[in-house]
Amino acid sequence: MNYFVNRLLYLLVVFVIAISGVFVLVNNMPGDPAYGLAVYIAQQRNMQFEQALEIAHKMMGIDPHESVVTRYVKFMNNLLRGNFGYSTFYNTSVNEIIARALPWTLFVISLATFISFSIGIYLGAFAAQKRGKTIDTLISTLASIIQAIPPFILAVLILFVFSVRFRLLPLGGAYPVDMEPSLSISFIGKVLLHAVGPILAVAIPQMASWTLSMRGNTAQVMEEDFIRFAEMRGLADSVIASKYIRNNAMLPLVASLAIGIGYMLGGQTLVESIFNYPGIGFYFGKAIAVRDFGLLTGLFSLIVIGVIVATFVADFVYALIDPRVKLK
Amino acid sequence: MSKIIEIKDVSKVFSRGFFKKKHRVVLEDINLEISKGDRLVIVGESGMGKTTLARIMADLEKPSSGEVLWFGEDIHKIDKRRRKELRGKVQYVHQDPYASLHPAKTIYKIIADPLANAQRVNGKTLYQRTKDLLEKIGLVPAEYFFNKYPHHLSGGGRQRLAIARALTTDPEVIIADEPISMIDMSLRAAIIKLFKDLNDLYGIAVVLVLHDIGAAKYFTFEKGEIVVLYGGKIVEKGRGIRILENPAHPYTRVLINSSPIADPELARNRVLEQLRSYDVPIRTKESKGCPFAHACNYYTEKCKEEVPPLVTIEEGHQVACHVFGK
Amino acid sequence: MRKESLKNFYYDYIQPLLVNKKSLIGLIILTFFILMATVGPLIVPLDMTSNFAERYQKPSLKHPFGTDYFGVDIFQQIVHGSRSVISLTMLASFFAVLIGTVIGVARGYLEGIVGRAIDAIIMVFLVIPSFPALLILAAVFMNYNLNVVEIALLVAVWLWAPLAKQISAQVLSLKSKEFVEASKMLNMPLRYILFSDIAKLLIPYIFINFVMQIKGAMEFSVGLMFLGLAKFDPTHWGIMLNYALYQAGALYTAKGFHYIFFIILNIVLLIYGGILLSQGVEEVFNPRLRGNE
Amino acid sequence: MNSVLKKFIAIFVIVFFTAGIFAGCGQQTKPSQEATQETKPQETVKTGEIRLATDWPFPFHGNPFGPGGVGGAWWFVYEPFAYYIPQTGEYIPRLAESWKVEENKVTVNLRKDAKFSDGEPFTSKDVVNTVNFIQAMWQWPYDIESVEAPDDHTVVFNLSKTSSSSFVHTLLTDGAMASLAPVHVYKDFVDQAKEVADLGKKIFYLQTEGKPVPEDMKTEYEKKSDEFRKKVNDFAPFKTLGKLPVVGSFEPVKVTQSEMEMKANKYHWASSQMKIDRVIFKKWSSNEFVWASLISNEIDAAHPSMPKDVVEQLSTLNPKLHVLTVSDLSDISLVFNFKKPLFKDLNLRKAIAHILDRNKIRDVSVWQANSYENYADGILKSMESKWITQDTLQKLTKYNTDTAAAEEILKNAGYKKVGDTWQQPNGQPVAFTLSVYGPHNDWVLAAREVVQELNSFGFKVEMKLIPEGMRDQVMRSGDYDAAIEFGSAWWGYPHPLTGYQRLYDGDVSAITSFPAKDKYNTPWGELSPYDLVLELQKNLQDENKAMEIIQQLAYITNEYLPVIPLYEKVLPIYYNDGYRVTGWPSKEDPIWSLAPGGIERVYDLLITTGKLVPVK
Amino acid sequence: MSIIIRVEDLRAVYLVREGTIKAADGISLDILENSVTAIVGESASGKSTIIEAMTKTLPPNGRILSGRVLYKGKDLLTMREEELRKIRWKEIALVPQAAQQSLNPTMKVIEHFKDTVEAHGVRWSHSELIEKASEKLRMVRLNPEAVLNSYPLQLSGGMKQRVLIALALLLDPVVLILDEPTSALDVLTQAHIIQLLKELKKMLKITLIFVTHDIAVAAELADKVAVIYGGNLVEYNSTFQIFKNPLHPYTRGLINSIMAVNADMSKVKPIPGDPPSLLNPPSGCRFHPRCEYAMEICKKEKPKWIRLDGEAHVACHLYEEGRPLK
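Residue numbers (full-length UniProt numbering), protein chains in the order written: chain R, 1 to 328; chain G, 1 to 326; chain X, 1 to 293; chain C, 1 to 616; chain V, 1 to 326.
Among the clues, some could well be false.
Okay, the calculated beta carbon distance ranges per label pair [stated by the list, open to error]: (1) R/Asn28 <-> V/Val16: 52 to 62 Å; (2) X/Thr49 <-> C/Val323: 22 to 32 Å; (3) G/Leu266 <-> V/Glu145: 31 to 41 Å; (4) V/Phe240 <-> X/Lys7: 50 to 60 Å; (5) G/Lys89 <-> V/Phe240: 46 to 56 Å; (6) X/Leu172 <-> V/Val16: 23 to 33 Å.
To give an idea of the interface, some chain G residues facing chain V are shown, with a C-beta separation under 10 Å as derived from the structure [to be verified]: (7) Ser46; (8) Asp184; (9) Ala189; (10) Asp212; (11) Ile241; (12) Arg270; (13) Leu272.
Covered stretches of chain R, as calculated for chain V (at least 3 residues, CB under 8 Å) [unchecked claim]: (14) 81–88; (15) 223–229; (16) 243–257.
Don't read these hints as lab results, they were simulated from the structure. Here the structure is a predicted model, which means the values were calculated and not measured. We put the CB at the ideal spot given by N, CA and C, even for glycine.
Just need the whole structure built from these sequences, with the hints factored in.
Given below as structure tokens:
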């Protein structure tokens, strides 16, 4: 238990440093969210730009003269209370945006991770057991090639092929607006259908990397003495493959699974923007584009918290499932 | 000034846990001396503290209490430079020659680098000295090995190489931790022989940590001392041949009794002495009594309460036992 | 002696890579691209004059990869663009590996409060998501005219942390190795222990990471061009792709298939070469590394 | 371990399903029960639906004063007094039945059958309140000195003396003036709005008259307006009322991040003619996304810029897709930063005008656009013949693509070509950066072509992309050498004044720092374009005088090249005919010219006049 | 006594990056029922290869080139995998050398027992399983309650070794093969295991084959000893004969180099040189570079496997054509 307390304190320190770093970074970002509005006002009303800017600042509730330190103290203070700040662009609290967007992102990444993990584990173990055979070469070559495709290219291709060319998938959104959200089969079906694109874009590269890691791990575990001992005991291949090889090869991956989910929170910007999917990444991209610093810091903090929680959970899960760690 | 290493009242406690509450006494009040040209064997099973003792002697670990003197100077009180100077005189050979040799360096480099560092030589002299050293420990022809890597050698060859490396600083004492346990039976004698030769021919004091009583006997039957450790304490100490032929402590007896005998007839007829327990005792600061009490077949109530002192039962033979101490 | 050690080096590090199928193919691919970047522009001329009427020509002898939306030869652009792609990618990977190694080794060797502090720094860079951070950095540095080296450094800042973490773990285990202890016993100086004993075993590891970084650096550099941080280079593959996908909409027209295909092919092939090489390197060197643990 | 792993996976599955369910429920901003249960007027059931693409703020607040307003729903929701068709110059009455313009006074007679979508009648009180609201919130338009409501259906606007003559047009056609703040929705704010607006006006008039403004008045105003603004900004009718009562033809009923659903206003005055009772907006996230939506019939109409080949492909993939183009009343230009010494040299700008092949640039960038073949006179190509006399044209330099001419100009001015590179008279190479806003596809394509042509001529030009969200800032701060930007543009009011104002006393001059107040040599003597613009504004009603000034401005613009226009932007409008809706007017119909600056007006007009009908 | 396993001309190799390791090169051996056979050799001499090839459990890079292993008249090497699986463990159980890593680290000990039982279609209830497992664990002097619910890493090296033996005994096999059962164990534990095996042999009707590099262990336990050198069988004789009258020079060297506790230390004589690399084994007799009796023919011709009087088999040119060892 001491270990976890220790670890928690350490992660807390890391968190504070990271968040402060993010804050400094965002606050040094050039650009003024009120600029566009000011240009518009100045042009429409034929007034001096400086004056228009002042009006725009007031309209958006931005105080450009507030010192960075004050802002920082305010921000940290809010964060302590679980308040992620205020979005000037959306004119609402970041918490509300997170409440709207996070479930979708979590939905996509957890489903994508689940799918890619299960298939990747299976394929990796399968390939490793057929090491050197054609099927192994095929699987690992394919996985490597998929890994070589930059994710945004993959996302664009998926969108084009499935939504545009063959019109199999709906374009954009999380569900059709003319449906009432409910637990009905048809609604859940629509939600799943809308999520297929983003899920594929996340899951395919993931799957490739799980496959390759699992293949490597399996190959390593297969060399272990206890595998040969299991063979010597006359255990069936299927039992060895599942209980002995797969379980042991999977352990390190299960830990990285949790961490992976944390990291994916931050990596959704491109995919969600391409698929127009209303998750965290979508808002993140928007926040950068419109220089919504409040939203930006808020989402950044969320992602950092996500990664840290994931790291912590990974430690915990790993200790839970691996007796070698548990007993130490 | 013939004393090279003196260990005075050395204890070692390993602590762990967040508040360092869990602890384990690994060594307790050890006193030892090594003088020029000595042979010393530390025997005992694993977990008895022999490796820790050897590492403390070689200053690879700090004792929790007590003094370690090299050439009469407390190594934890002298300055770094002096310690460095003295360190060359005390060398250590690890148990596992696979791990103690750099896997990606050639044999030439493994010897020549420290040689150049210690002797401040280079060029042809370095080459010649490296060659001499390799030949000295029996890797002949030396040039054949120069561009080989450790994994090209057998276990015995590797251990020789590790010994050769220890010799680069012209040490006055070599401490070797289980130098033969990772080596094939047929090559073990040769390594022990090498240590004996180093001792005989160059006057280097040798401290061997062994669990193999036979090897201990081979090393000390001409001269040298044996120290038997149990539960972090010296239970018996004395001239090698004397102890092996007339063991006083019950543990020493069991140890000798359990050692393999290379004679089928004798082996089949011998009766193994069984202990009451084969567990390794875990001693804490609160532990009382003789560490062997829980396993000893001769224990008395006294053994549970009082730590037996190390008493001399004969010239050059000390034992720490309430029962056999007299 | 020297000749011998060269030979040894060849047999220990080069020859196994040539024997391993994966690393051999990877090496061939990478060599091909490096040649393309170095020698290519000298051989292949670049004519960027647009010719709208000649756009989307199918691959032919005259235009091996066809022409793009502007009617410019795609092959020429790929060849000339490889220079900026490869220089930025390689530099960024190099810096990432350099920073990662130095910090990782330092962390591995330093105990106590300094070590924990370095640990925390590594962790900080691990928990800040790199891509969004880079987006912001891109905006922050937008008005500085950064040169390739500076941009590579900027990219490397977000790549080194995982490597540093791995290296520090490696060093932590290596420094308690018995051969390191032996070097200490032999009074070997710290620099010898760090740069000869420890670094020697990290080299294959670092190399693998270097190759792995190529992928990350490649993606980042393309992203940076999109964002306008890196100096705009119309033949940079990332920009070509941007033109193809977003400006010219080549995906949406049957004529433009080859346009996108050849750009993606080259990007994927380059990264795939790196992946193959690193897989090969891992296969060749890791057993030995593992065997010594 | 096995069982633990299974548990772990089970937890995992549960977590993602709950996440999904959470995501499903409580996602969208939708009216509360109260709104849906309201008794509906008896209406014939209509089933027409049209799908469009646009943008809107999300979470949707329904407050036009809040950030983002109501997005693309604007013209469906807020009707102006009238629509103005630029091509015919005709005003189509909407909320106004008729109006009378007198000296500094506009009297508007409101339509008597206009009702809000919740059944409340639309009266002159709503207009008064709206004007107070805008003035209080936006500190604009102070052109309106006061507004009165003599009866429920008459509004009298008293304009200030300084009000420009084009303001009447704005007043009549601007969607903001009539119905933004219905009294029954904003009832808690009415008095406060009037108080703040009056105070603001008072200060403004004191300032324009050059009189001192008492400090306490200023502070009072600051305090009151801040308080008011904060209150209004926080007000989200769509959320708090659960509905958005609108006077326009459609009312938003359900809004998500990616889609917005609007239902017809049953009480709308044209309701009986409308055959379409539902509008679905898709989020316009990127042009490619809109292309994809058009191909797959996800939307019925949109106006993205699209390369030629994509259009061809689209038409083959979707034969129901039609395209037409209208002038976007704006042009894309090469603009210079006159703070950089390089561009102060007119010779260089002239040479550039000769080097560029503007037809080629147009082909690459927006192929449907109108090309400026010869001139750079600051008047849109499509309007040139209307505003520039033959006589004037004779006087203008023709900038046809002619590199030899360019070379000659440069050589005469002391430039030298050394190797492949042109050098300035001071020995420096002609080198600069061309900045272009990254997210605008057509601009980037144009920039690439410009850079390419200039480089092959022997200049050293590099291109730089301005990241998303940074355009105004970069351009305003003058942190560029040359750039691609809107040049002279008409925007809402199709008169050369708008364009010249932009060039010499507005946005473009703000970013280029073109010395507009300097005097320039013309056949009419030494003239300053800045003065000319002011003069033109004063003489707008006097057509002859205006024409004369316009000739002079055209001359200066063409000869002194504050910007080089590349092509006249057009709005390509794509619509699916016969998939969901049909009845689109012919491509020549002047109604399309209403599209620039608010294409939803066209859709609204087509629906409310019953022209667009659902496909059976 | 009848022959239970007959090995005929067994050849097995390992494929490695550098080439082919000829680990077992023409081994022929008869194992008698209910006897204890020791296979003695240095590390990498091919001794483990023999038993692994016999049971077809070579590591993935191992290949059996030729030979037959007849168990009760059936050739194990050509037997179908399914059939072989049934025989494995139920009739022939092999306890591998690496006892430390031979248990799945993520499974409790009890699950290993369960797996093994299930694999052989034995239908025991859970309580039956516990009972049987406990019985076998008690047989190797382990506390079943504690051990069964432990993870492997909670057990000491000696305990793991005993767990493996208990596991091997679970289905009452006919033949029990142990690979280095005592190496890497402490003296007392080693003696303990040897004692245990002796008792097992008395208690159960079982054929025991074990592999060791310590010929002293063979002396204690074995009825017959087979000596392997460099992948070749060099001598096969009864234990008593081997120790009394070693025929092959290597066997003789091996016995002379033992540092047993009862030995005359002045006669201990290490074998010079290093064991051969099986990648490029020496020509002719593989021992010739280290053999003090080496003749010209030894370099060229491989000695034949000849049977001398009694049970003695040897492969040495000294005995061919009736040349007696002097």
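Checked hints:
Our hint of 52 to 62 Å for R/Asn28 and V/Val16 holds, since their Cβ atoms are close to 57 Å apart. The given range of 22 to 32 Å is respected by X/Thr49 and C/Val323, whose C-beta atoms sit roughly 30 Å from each other. Remark: the range hint 31 to 41 Å for G/Leu266 to V/Glu145 is upheld by a beta-carbon distance near 38 Å. In this structure the hint that V/Phe240 and X/Lys7 lie 50 to 60 Å apart at CB holds, the actual value being about 53 Å.
The hinted range of 46 to 56 Å is satisfied by G/Lys89 and V/Phe240, whose Cβ atoms lie roughly 50 Å apart. The beta-carbon spacing between X/Leu172 and V/Val16, approximately 31 Å, falls within the hinted interval of 23 to 33 Å. For G/Ser46, the suggested interface contact is upheld, since its CB lies about 5 Å from the closest CB of chain V, less than 10 Å. Interface hint at G/Asp184: satisfied, since its Cβ lies 4 Å from the closest Cβ of chain V, which is below the 10 Å cut-off.
Interface restraint check: G/Ala189 against chain V, minimum CB-CB distance 4 Å, threshold 10 Å, status holds. About 7 Å separates the beta-carbon of G/Asp212 from the nearest beta-carbon of chain V, less than 10 Å, and the hint is met. For the restraint placing G/Ile241 at the interface with chain V, the shortest Cβ-Cβ distance is roughly 9 Å, inside the 10 Å limit, so the hint holds. Look at G/Arg270: its Cβ gets to within about 9 Å of chain V, closer than 10 Å, so that hint holds up.
For G/Leu272, the interface hint holds, since its Cβ comes within 10 Å of a Cβ in chain V; the closest pair sits about 6 Å apart. Beta-carbon proximity to chain V at under 8 Å applies to 0 residues in the segment 81–88 of chain R; the threshold of 3 is not reached and the given coverage is violated. Interface restraint, the segment 223–229 of chain R with chain V: holds (6 residues with C-beta to C-beta distance below 8 Å; minimum three). Figure legend: the segment 243–257 of chain R, annotated as covered by chain V; annotation consistent (5 residues with Cβ-Cβ distances under 8 Å, at least 3 required).
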